[in-house]
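S.K.: Below are the chains, spelled out letter by letter.
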Amino acid sequence: MTKTKKDDIESSLSELEKITEQLQDGELGLEKSLEFFEAGLDRAEKLKKRLSEIENKIETIKLKADKKLGLDD
Amino acid sequence: MQFEDLVKNKIFSVSEFNEFLNSVLRPLNVTVEGEIADLRISQNKFVWFTLKDEKQALSCFSLVYRIRQPIEEGMKVRISGYPKIYEKSGKFSFIVEKLEVSGEGSLKRAYEILKNKLDAEGLFAPQRKRTIPKFPRTLGLITSRGAAAYTDFLTHVEQRWGGLLIQFFPVAVQGENAISEIVSAFDYFNHSEKSPDTIILTRGGGSLEDLKEFNSEEIARAVFSSKSPVIVAVGHERDLSLAELAADARASTPTHAAQLAVPDRQQLHQDISSTMERGFFALQSSQQTLRHNLLRTTQTLSYQIESSLGDGRRVLSDYIDLVGLLRQRLELAKNRRKTQVEVLKSLSPQGTLRRGYSIVRKSGKIIKTSEDVEISDSLEIHPYQGTITAKVTKKTYD
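Residue numbers (the numbering used here), protein chains in the order written: chain E, 1 to 73; chain R, 1 to 398.
What the hints contain is simulated information worked out from the structure, not anything from laboratory work.
Wrong hints could be hidden among the right ones.
[What the hints assert, rightly or not] With a Cα cut of at most 16 angstroms, we get these calculated EDC-like pairs of lysine to aspartate or glutamate:
| id | chain 1 | residue 1 | chain 2 | residue 2 |
| --- | --- | --- | --- | --- |
| 1 | R | Lys394 | R | Asp377 |
| 2 | E | Lys62 | R | Asp187 |
| 3 | E | Lys57 | R | Glu158 |
| 4 | R | Lys108 | R | Glu72 |
| 5 | R | Lys134 | E | Asp8 |
| 6 | E | Lys48 | R | Asp264 |
| 7 | R | Lys84 | R | Glu16 |
| 8 | R | Lys76 | R | Asp271 |
| 9 | E | Lys46 | E | Glu15 |
| 10 | E | Lys49 | E | Asp8 |
| 11 | R | Lys134 | E | Glu10 |
| 12 | E | Lys49 | R | Asp271 |
| 13 | R | Lys368 | R | Glu380 |
| 14 | R | Lys117 | R | Glu217 |
| 15 | R | Lys52 | R | Glu19 |
| 16 | R | Lys391 | R | Glu374 |
| 17 | R | Lys362 | R | Glu374 |
| 18 | E | Lys48 | R | Glu277 |
| 19 | E | Lys18 | R | Asp271 |
| 20 | E | Lys48 | E | Glu15 |
| 21 | E | Lys48 | R | Asp271 |
| 22 | E | Lys46 | R | Asp5 |
| 23 | E | Lys46 | E | Glu17 |
| 24 | E | Lys48 | E | Glu59 |
| 25 | R | Lys88 | R | Glu19 |
| 26 | E | Lys18 | R | Glu277 |
| 27 | E | Lys49 | R | Asp264 |
| 28 | R | Lys194 | E | Glu15 |
| 29 | R | Lys76 | R | Glu33 |
| 30 | R | Lys115 | R | Glu218 |
| 31 | R | Lys88 | R | Glu33 |
| 32 | R | Lys84 | R | Glu97 |
| 33 | R | Lys76 | R | Glu100 |
Looking at chain R on its own, in the form it has when it is part of the complex:
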């Protein structure tokens, strides 16, 4: 070996040897699987633990931000990183750059711990859930292009609704890049000028191992912090993923997600028709009510006219009676006056003259006896008509 040649006969100082060892060890990027023991976290920053199998142990060091998920003793994990000798203490440690929980039991445990933590923070609180818009214009779709979920979702959206703008952000839904890509998709939509009305994050179902990205804290928080309401749909049989719990709505399948995301035009068509029908019936019935009211009003009115006409008739006949009475009285008064005039007429001297009498005057003085005149006196005789002048030729006195 080259190393052997290199170190043969060479005397190292301690520092030189440690540095030499580290330069040899550093390029070794390895993954080791084992169980966590003696876990210690300091200042919420530094993490120490021992990775064990049935027989042996490996001392490990990491930083909290690299672990990215809750861990506890007894958990089975895969750590990736490199071995290192600490120059000052000479202690050997495995520097963990990446940690993944492995094995169904440990994944389940990690899921539970994270779920409790996020739940306590209120990420899953029902009162924080927003309503999914009923009639969206734009949808943000986050999924993998090749996935059945992509096709299922789009096919069902197509069947149900039109006129949409679907902004498709392709991501890996599983594997190394899934978390960062999904987080950057949410980030893109949050910062895009017009965030979509609804965002759909979907993938097909899988094992807990397959779904572990959907159970990551990063994705749960990205879903929770989305500006647009989010529907998360993961086909699965068991526990809900943390992404689904943090979503505003969750769908059991991509098809179901389409049903939640957009209305069904056929259903809506029916709804509109039945609403219009109700409106039409209401109009018809108000017409009927009106017709009925009109009829009733007409009847009432004609009855009122009839009855007030009856009143008028009574007044009229009373009037007629009164006029008759007055006429009678007038007639009577006229007759009475006529008689009186006749009587008055008969009493006047003219009346007497008319009957053949005459008045005799001497120098204007009425002669009542023969003694008032002398022979040869000139007398004026006034008959009914005209005047006669006469001379007294004889007079007697009886």
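Chain E extracted, bound-state conformation:
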């Protein structure tokens, strides 16, 4: 299961869903089930960690060439 930095949360979430589905299928042995459940916990922890990020950074773009950025409205 590879992950790209950009959408790690999306892939973690879909991995978690997939893991859960496989657990629900009941086709896995107990040992595998435990392994999968642990992998699921790991994903959930990562996701919750990402959810705990509160701050947003705002960066205002100023165009040097553009001299007429007005403030309307």
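On the provided structure of chain E, position chain R as indicated by the hints.
M.R.: Relative to the frame of chain E, chain R by itself:
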């Protein structure tokens, strides 16, 4: 007046007079409002029309690229430009540098014409709409800094999600510079090294007049050509603006735009928890199934062992029976052999000797009658044990 002094007593040639007039007229930059009549467009480049009010008319000339929007006869417009005399024909014309549709009815009509045109081009086609990323890292925000839309959007984004980089490109959302600034914002994001995951173009609601920039062809095309998916949010009650129609997603308010742009961490928290719960239940139930299976398997196994053990017992007892039979037979055979040996023993000469008989030989020859010997013969007597040598002293013959 100075003009009067200047021209008094002066004789102009025609060319001089026309040039003089134009030099006087050219600095007059005026705006005139009226209704379009006798509209003529040539080579998709030159535009002629007459601007009228109830009583009078003004002949106008412009270029298609300056008009920037669809016009038709009967439309109420405001034209800005200057008057001019054509040197060659001497005809008077108003050179239109800028044209704005004015009045609700005409704006509506212009909106309809442009909407149909862009629709026919496929700018609003549902199959061209892209999905808004669920978990963006960067947002491009295009709006006016002072607008309520700016605050509303950011407040709701803040409430819902964190860890974002919001690239805010301040623009005028209304007025003279709105179109060029909004277009250059899209241009900036399209050419920036890392285009944002989603772009949000938003402003508060307003009249058709207020929203006319959002109904412009330039902005509709800028939205349509954006590299990043675009959410357009304009608070309004009536028709959707063309910018919204061209957007990948439209939101009814800036708050709604925030909901479309970023997930809600509380909701997601719940989703994750409930997914984990489902996983846990599944694990539990597979454990139970396993336990049940184990129990059943154990029972089956013990039944099988039991039953194969039963088979073994039967084999063992058969074996034991067989061994008994063989032993009996062996005993019988032994007894039989013993009797035979006894019989054989009793039949041998030794047996007879043991019972007290002796064998008498003369020179190794067994003596069966007295006639076989003479007096003084030396005889060997063989009893059961040992040998006796004897001399014949008497013999009878019966």
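S.K.: Each of the hints needs a verdict: does it hold here or not?
M.R.: To see whether the hints hold, each was checked on the structure:
no., hint, in the structure
1, Lys394(R) with Asp377(R), "holds (10 angstroms)"
2, Lys62(E) with Asp187(R), "holds (13 angstroms)"
3, Lys57(E) with Glu158(R), "holds (10 angstroms)"
4, Lys108(R) with Glu72(R), "holds (12 angstroms)"
5, Lys134(R) with Asp8(E), "holds (12 angstroms)"
6, Lys48(E) with Asp264(R), "holds (13 angstroms)"
7, Lys84(R) with Glu16(R), "holds (14 angstroms)"
8, Lys76(R) with Asp271(R), "violated (55 angstroms)"
9, Lys46(E) with Glu15(E), "holds (12 angstroms)"
10, Lys49(E) with Asp8(E), "holds (12 angstroms)"
11, Lys134(R) with Glu10(E), "holds (8 angstroms)"
12, Lys49(E) with Asp271(R), "holds (15 angstroms)"
13, Lys368(R) with Glu380(R), "holds (13 angstroms)"
14, Lys117(R) with Glu217(R), "holds (10 angstroms)"
15, Lys52(R) with Glu19(R), "violated (27 angstroms)"
16, Lys391(R) with Glu374(R), "holds (10 angstroms)"
17, Lys362(R) with Glu374(R), "holds (10 angstroms)"
18, Lys48(E) with Glu277(R), "holds (15 angstroms)"
19, Lys18(E) with Asp271(R), "holds (14 angstroms)"
20, Lys48(E) with Glu15(E), "holds (14 angstroms)"
21, Lys48(E) with Asp271(R), "holds (11 angstroms)"
22, Lys46(E) with Asp5(R), "violated (87 angstroms)"
23, Lys46(E) with Glu17(E), "holds (14 angstroms)"
24, Lys48(E) with Glu59(E), "violated (26 angstroms)"
25, Lys88(R) with Glu19(R), "holds (11 angstroms)"
26, Lys18(E) with Glu277(R), "holds (14 angstroms)"
27, Lys49(E) with Asp264(R), "holds (14 angstroms)"
28, Lys194(R) with Glu15(E), "violated (27 angstroms)"
29, Lys76(R) with Glu33(R), "holds (7 angstroms)"
30, Lys115(R) with Glu218(R), "holds (12 angstroms)"
31, Lys88(R) with Glu33(R), "violated (28 angstroms)"
32, Lys84(R) with Glu97(R), "holds (12 angstroms)"
33, Lys76(R) with Glu100(R), "holds (9 angstroms)"
Checked against the numbered hints above, the structure violates hints 8, 15, 22, 24, 28 and 31; every other hint is satisfied.
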